[in-house]
Structures are given as structure tokens and as C-alpha cells.
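Residue numbers (my numbering), protein chains in the order written: chain A, 2 to 473; chain B, 12 to 145.
Simulated from the structure, these hints should not be mistaken for laboratory data.
Do not rely on the hints blindly, as some may be mistaken.
Below 25 Å or equal to it, Euclidean Cα-Cα: the simulated PhoX-like pairs (lysine-lysine) are [stated by the list, open to error]:
1) A:Lys10 to A:Lys385
2) A:Lys53 to A:Lys41
3) A:Lys280 to A:Lys53
4) B:Lys108 to B:Lys138
5) B:Lys60 to B:Lys104
6) A:Lys433 to B:Lys32
7) A:Lys250 to B:Lys32
8) B:Lys60 to A:Lys250
9) A:Lys142 to A:Lys157
10) A:Lys41 to A:Lys10
11) A:Lys53 to A:Lys262
12) B:Lys60 to A:Lys41
13) A:Lys430 to B:Lys104
14) A:Lys250 to B:Lys104
15) A:Lys334 to A:Lys17
16) B:Lys58 to B:Lys138
17) A:Lys250 to B:Lys138
18) A:Lys17 to A:Lys7
19) A:Lys332 to A:Lys308
20) A:Lys430 to A:Lys126
21) A:Lys332 to A:Lys280
Across the chosen pairs, the derived CB separations fall in these ranges [said to hold, decoys possible]:
22) B:Glu129 to A:Ser405: 18 to 26 Å
23) B:Glu129 to A:Asn32: 28 to 36 Å
24) B:Thr61 to A:Lys10: 54 to 62 Å
25) A:Arg362 to B:Ala86: 41 to 49 Å
26) A:Arg258 to B:Ser87: 53 to 61 Å
27) B:Ala52 to A:Lys142: 45 to 53 Å
28) A:Arg412 to B:Asn134: 40 to 48 Å
29) A:Ser112 to B:Gly50: 34 to 42 Å
30) B:Glu14 to A:Glu337: 19 to 27 Å
31) B:Arg17 to A:Lys138: 37 to 45 Å
32) B:Ser93 to A:Asn32: 43 to 51 Å
33) B:Ala86 to A:Gln451: 40 to 48 Å
34) A:Leu22 to B:Gly50: 35 to 43 Å
35) A:Lys138 to B:Phe62: 23 to 31 Å
Since this is a predicted model, take the numbers as computed values, not measurements.
Built from N, CA and C at the ideal position, the CB exists for glycine as well.
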Amino acid sequence: MTEIKKQGKYEYIITKRGNMLTDAVIFASENMLRHILSDKAHLQIINVAALKGIVGPAVVMPDIHYGYGFPIGGVAAFSTEEGIISPGGIGYDINCGVRLMRLNINFSDISSRDIEQFLSLMYNKIPSGVGGQGTLKLGRKNIEGVLTEGGCWAVKEGYGLDSDTENTEEGGCLEGADPAEVSQRAKERGLTQLGTLGAGNHFLEIQHVSEIYDEQSSSDYGIRRGQMTVMIHSGSRGLGFQVCEDYLKVMRSASARYGIKLQDRQLACAPLRSPEGNKYFKAMQCAANYAWANRQVMAHRVRLCAKAVFGSSTSVDQVYDVCHNVGKIEKQKGRELLVHRKGATRAFGPGRKEIPERYRRAGQPVIVPGTMGTSSFLMKGTEKAMDMSFGSTAHGAGRMWSRSQALRNLRGGAVKKELDDKGIFLMAKSFKTVAEEAPQAYKDISEVVQVCHGAGLSGKVARLLPVAVMKG
Amino acid sequence: MTEPFRELSHTADAGIEAFGKTIEEAFSNTALGMLKIAGVAGTVPDKEKTFSVSAPDRSALLIDFLNEILFIINASGWNPASVKCIISGNSLKAVLKGSEDQSVPDREIKAATYHGLEVSEENGKWKTTVFFDL
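Extracted from the complex, chain A is given alone in its bound form (with noise of 0.2 Å):
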């Protein structure tokens, strides 16, 4: 039996113990810890705990669940110099992630026929659904721009703008990344899905502002009361699938290599300094610019369509974008530390530089994605966060019924009257994957973003209600 602590209204510890290299720390409130623990995701993080070289506590966000090795919901910085790099603590789809745009037009001002109009024009010009080929067919020699400078490459082409980019984590593109270390077939699967949604939790959403929790803050952001906005969650399709997928076979051979040993074969991981690490960092740099390149060119789309139905004065402002599956070299505490967050989000407080200028008075905008039919977030990063989980949040609901459990319990084509009844309109390629998303089958997002509030990792900013969706 596990001994978890209570260490702060929303905090609990596992202290070091057997394998543990270090602490465990788990934000939550109690009754999602009692989920939490029926769920084992608790011992996921255990396993994290031994990992060579980690610094600090392996932390988890209140939306954590059970998942593959690292558990979803997973924060872990290593050192640089003698700690490892882990394919499955970043995840299949790398730099999954969501972006937030905002429109000049207020929801009181548009009818519900607009809204299905905008929603019908995204959905025939933004692919959505198992594999989804895009219409943007990408050269050999442009997929090496994609993975080299992700989301500018995009603006360059013309998909975008320069404050798209600007208002981008990384200003959408890391600078380690090398092409040589992406296999021919990584490569070949990205050729054709660039600006493609996905299936499964993959979404875009037209919503509006209900709520405002932090006035200056929101101001910062360019947000108020009645205002519409987009978002769009989606990450590095096939090709970042392919790049895990990959390394993990190269990470389990070397993690026995170098004499690491593992608690589950899914956490195979080497040295970042050795060259079997070294080449994976660089290789899923080129998976994270993917996606960014990915959201770029759909959030382009997104600002033809708004045109289109709206008008050409209307102007769709990117908020931010996060990732929530990435490794990531960044300084914290007066040292470089390799920190992966798997299904987290990155929550730098005020006045860090890798902020844009405009935002270090609030922090970093927070973007955390509730369900269809209930509401998202907008917070904001804290100083806080900065000590407690290496300047990380949750990334979203998370999911508390499995796909098969929803499945048995719902119906798609239930699930999308109960939207309508709520105003909610709903286009989906597949009614399976709506019953499977079902509100019902995730946390309560108000609970988690109330623990990543109370507990200091971010401050409530705005409240987004969805008014139509989009699924794959």
C-alpha cells in the first residue's frame, strides 16, 4: 500500500522510497485523489520517480489519469548532463497541443444560423478523421522547412502572420531540430496531413467568452466578456506517431545499453547526452515544429472561413498556443533542466523572457481544454508554478471512464441531442468518437482548473463556453 501525505489543501506527497530516486507529488483534492488511486495512475508516477538523473519531485496535475509508462497528467525535469531523455515521457503525438484565437464579434450579435455556417465552411476546409489527408500536399523538400521552423515556415508560406507565430510557446519552432534524425518514413507520413485535425480528442471549437475571473489579465490578452473565440487542439499527426515509434525501438536496446533499468518497458529511455538520446531530441524538435506548422496552417483556415461568413473586417487574433506533449530544454531554478511534460502544460509566471513582451505583466496565457459540452479555461502562469512543478499546469479535463465504458453507457447520436438541447451544434465524422468524448466520460473541468487555481500552478483568467464543434 502506497503512503501518500497530505501536504497543502490540493497537495500530496509519496516520499522517497525503494526504486525512488526522488518525491512524488500529486496536485488534486480528495476526491480526485480517491479516483486517482483506484485509477494506479499514483504508481506511474513511482516509476518516474526512478528514473536516472531526475531533479526535483515527479509531479501530477490534477487532470492526470492512467497511462503508458509516464502517466498522463506527468511532469519530470532531468539533468542535463547526467539525466535520461524518454520517448514515452513526451508521448506518440508530439507537441499535441491547443491554440486560442480571438474574434471581433460578440455572441449576442451573430445568430445561431452564422455559428453552423462558420462551423459547416471550417469542417469542408479543415480535414478532419482518421488519417485525414490534407489538401496541402507538402515537396520532399519542404517537409525539411516544416520540421526546421515549424510554425514559421507556415507564415512564410503564407499561412499566417507574424503575430501568429509571435504569440506562439517557442514563437512556434525549436531550434535544436535536425531533419537528418527523422526516418524516410516519418517524413513520407507527414507529407500529405499537414493542416489536418486528427481524430480521437482532437477538436476545434467555436466558443465565447461567459466569464471573466482576473480583468487586468484578460485585458493583457485581448479578451472580454462576449467575445467569440476559436480553438483548435491537435498535434504532429502520423509523423510524430512515426517518430516515437521509432525511437522507442533505438531507446530499448540502449536503455539496457547503458544499464538503465526500467520498471515498464514503455518508459525506454537513454542519456540525453548519448548519441542515442541526443538524436531523439533532435528528431521530436522535428515532430513539435510539425505540429505547430500543423495548427498554423488550420488557424489560417480558420481566418479565411471567419472572413468569409463574417466579413473581411473581421480580424481573428491568435491568444497563445501551448503544447502539453514535449520535452523541453529550459532554465529553471538557476539550471538548464530537460523537462517533459506528458499531458501538461507549460505555465511560465510573470516576467519571464520567454513570454512576448505583451504578457510578462500576466504571466504566460494558459489555454486548458474542458470537454464538448461543457466549458474550456483561459488562466494565466504563476511564479508559484515556477517552484511547485517546474512552471507546469494541467492541459485539460482529462479522461475518468474508459473509451469502451463510455461506449457501453452512451450513444453518439444521444450525446449530440443532448448538445443541441444545450445550443451546442455538432459536426463529427464519426459518432462513435462523439460518445467516446462525451462530456460525462472525462473529470469535472471546473474541479481541475479549481486545484491548479487553489493550489498556486496557475490563476483562473476566463471561462469559454463552446457553442459549436468540430470532432474527427
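Since the structure of chain A is already known, use the hints to place chain B on it.
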């Protein structure tokens, strides 16, 4: 008669436990279980596709075998209706029968993972356990 495979529940994802009188049968049944999770409609098996994989051990071989099939489904739009394999040491040769068609799987399986992975034999009965990232 033992069922060829059964689905295992997982909070975010899905798993398969498969059985067989031989390791080849257990591997093929794991693949069929995976196709069921993906919702791949078994189309007319009018064409054949073969591939070979090698890995350091049997369980890694199972992962490489399943991920190769996922690649074929996701990247080439080819839908297998039947899967057979021959294993020799830590190498595997697979024969898929199916065809290219326009039908799209219900679910996008990102990969077969190493988490909770098991390949075992007891009294001449083989069993596999695999979890998939969806």
C-alpha cells in the same frame, strides 16, 4: 473453445489479450483484436501484402509486427481482412490479405505500446497482452 482475443479496459486507451495454440496464432489473433479496436472493416481479401520484422525478443517482435500493420492501415489506406504470420527465432514474416478501399477505420490507433506487454506460454497455450495508444 477459447476465444481468440478479448478487449481489456484502460482509462485512456484500450488493450487486447489474445490466445493461441501456437505463438503464431496468438500473434495473429492479437492483430485481429487490434483491427477490431480500430474498427477496420474486413474488406474483400483479393490482394496480398507481406512484410518481415526482426526484434531483440518476442514481445518486442509483437510490437513491431502490430505497428507495421498500423502503418499499412494508416499510411497506405490498405485494409486487411486476414493476418497470418510465421515466426522463426526473433524474426517474423507476415502475410496480410485484404484490399485498398475507401472505408476509414473508426479509431486512430497511434501505436501498440510496451506498457503491460506480455507474451507467455503455459502448457502449450500462448497468451499475449498489449495496450494501444488511441
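- Query: Holds or violated: 28 to 36 Å for the Cβ distance of Glu129 (chain B) and Asn32 (chain A)?
  - Reply: Holds, at about 34 Å.
Legend entry - Pairwise beta carbon distance, Ser93 (chain B) to Asn32 (chain A), judged against the given window 43 to 51 Å: Given about 48 Å between the Cβ atoms, the range holds.
Please test the hint of 19 to 27 Å on the beta carbon pair from Glu14 (chain B) and Glu337 (chain A). Cβ of Glu14 (chain B) to Cβ of Glu337 (chain A): about 52 Å, so the range 19 to 27 Å is violated.
Check your understanding: Between Ala52 (chain B) and Lys142 (chain A), is the Cβ distance one that fits in 45 to 53 Å?
Key -> Because 37 Å falls outside the window, the suggested range is violated.
For Lys433 (chain A) and Lys32 (chain B), compute the direct alpha-carbon distance and say whether it is at most 25 Å.
Cα-Cα ~34 Å, so violated.
| query | Is Lys332 (chain A) close enough to Lys280 (chain A), meaning Cα to Cα at most 25 Å? | reply | holds (21 Å)
So if I understand the rule, the pair passes when the alpha-carbon distance is 25 Å or less; does Lys41 (chain A) with Lys10 (chain A) pass? Roughly 21 Å separates the two Cα atoms, so the pair holds.
CB of Lys138 (chain A) to CB of Phe62 (chain B), is that within 23 to 31 Å? holds (26 Å)
Checklist entry - Within 25 Å, alpha carbon to alpha carbon, are Lys60 (chain B) and Lys104 (chain B)? => result Roughly 11 Å between the alpha carbons, so the hint for Lys60 (chain B) and Lys104 (chain B) holds.
CA of Lys60 (chain B) to CA of Lys41 (chain A), is that 25 Å or under? This hinted pair is violated, its Cα atoms lying about 40 Å apart.
Practice task
Starting from Lys250 (chain A), check that the Cα of Lys32 (chain B) is at most 25 Å away, please.
Solution key: The given pair, whose Cα atoms are some 28 Å apart, is violated under the 25 Å limit.
*asked:* Check the hint pairing Lys17 (chain A) with Lys7 (chain A) against an upper bound of 25 Å on the C-alpha distance.
replied: Distance of about 15 Å is within 25 Å: holds.
The earlier numbered hints that this structure contradicts are 6, 7, 12, 13, 16, 19, 26, 27, 30.
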